[in-house]
Amino acid sequence: MTQINRFGNMMPPPEAVAHPYLLDRTPFQIAGNLYFVGNEWCSSHLIDTGAGLILLDVPTASGLPGLLYNIDYLGFHIRDVKYIVISHAHSDHFGCVNALIHRTHAKTFLSAIDSEDMRRNFDRIEMMNRDLGPYNESFIPDVELQDGDRIELGNTSIRCVLTPGHTVGVMSHFWDMDYHGETVHVGIYGGAGFISLSKEALHRNHLPLSLQQAFLDSIDKVWDEPVDLMLGNHPFHNDVYQKYMRRCRGEDDPFLDPTEWHRFLQELKDRFHDFLKMTPAEIQEMYRQSQLTEYYRSCFERP
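Quick note on numbering: the sequence shown equals residues 1 to 303 in full-length UniProt numbering.
Heads up, a few of these hints could be off.
Think about it this way: if two alpha-carbon atoms lie no more than 30 Å apart in a straight line, the pair counts; the simulated BS3-like pairs of lysine-lysine are [said to hold, decoys possible]:
| hint | residue 1 | residue 2 |
| --- | --- | --- |
| 1 | Lys-199 | Lys-277 |
| 2 | Lys-221 | Lys-277 |
| 3 | Lys-199 | Lys-269 |
| 4 | Lys-107 | Lys-82 |
| 5 | Lys-107 | Lys-221 |
| 6 | Lys-221 | Lys-199 |
| 7 | Lys-269 | Lys-221 |
Hints in this document: simulated from the structure, not taken from any laboratory.
Assemble the whole structure, with the sequences as input and the hints as a guide.
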């Protein structure tokens, strides 16, 4: 799938925007106490800590019914969600947070830098909320995270690493998980797209050009993280559905791959260097049409 730029225009096609349930798929266990409860556009991960559930990222408001169904399908209860951890301040990762808080009273986490950006740039965030579908709402996190902070609940301790670029305050997350008596290092890169990092987009959004270099520096910052099991905050970043299909066909532990982290980061870096060489017209053409449908068509036939 290298011919598809998984960091480019991967927005849902118009049919799925009008009918968000078309993005829903059956949830599944990834490994140990870690589950995938997202949809074809945006990832959401659930961790059963033994002392309550942690949600890592949540979909837009239109994806809330699918998220609730997925959690219930796996035998969990939404009322047991204690923490909601948001990787960055884009609506496709926090759009339904307020609705979840209303039902769960869960504690919410976001980087202090992105929290401040949401407060200072209300109009920009609200425009994004509207652009990504109806009913998306900004939120005020209970905990504003600093670089290196840990989020601890039950058997899980998540280390939060500031990796700006995609937004000013993206957080990547790393933790250890017990799997068949072995320690598995889990990692998720917080924000890998760069549609918002063209000179024109940065100027339009009143963001500094230095975010382009910050994006590259963030890749270098986490390069040496020892990741055995890589997650993505979009399912096409780590081919999560394809791995699940491989397991259904009998392959042992397709989610465990200590080489994937470097392959992913190198692909991200190479794609971004190519992006920086593009003219505004070339960038506009690259984002003219979504590749999401083509990506899934190349992976499997839809049921």
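Each hint, compared with the structure:
Between Lys-199 and Lys-277, the direct Cα distance comes to roughly 11 Å. Compliance with the 30 Å bound is thereby established for this hinted pair. This hinted pair checks out: Lys-221 and Lys-277 have alpha carbons roughly 23 Å apart, not beyond 30 Å. Taking the CA atoms of Lys-199 and Lys-269, the gap is near 18 Å; set against the 30 Å cutoff, the hint holds. At most 30 Å may separate the alpha-carbon atoms for a hinted pair to count; Lys-107 and Lys-82 meet this at roughly 6 Å.
The suggested pairing of Lys-107 with Lys-221 holds, with an alpha-carbon distance near 28 Å, which does not exceed 30 Å. Simply put, Lys-221 and Lys-199 have alpha-carbon atoms about 23 Å apart, close enough for the 30 Å limit, and the pair holds. Taking the CA atoms of Lys-269 and Lys-221, the gap is near 12 Å; set against the 30 Å cutoff, the hint holds.
Comparing the model with each earlier hint shows no violations; every hint is respected.
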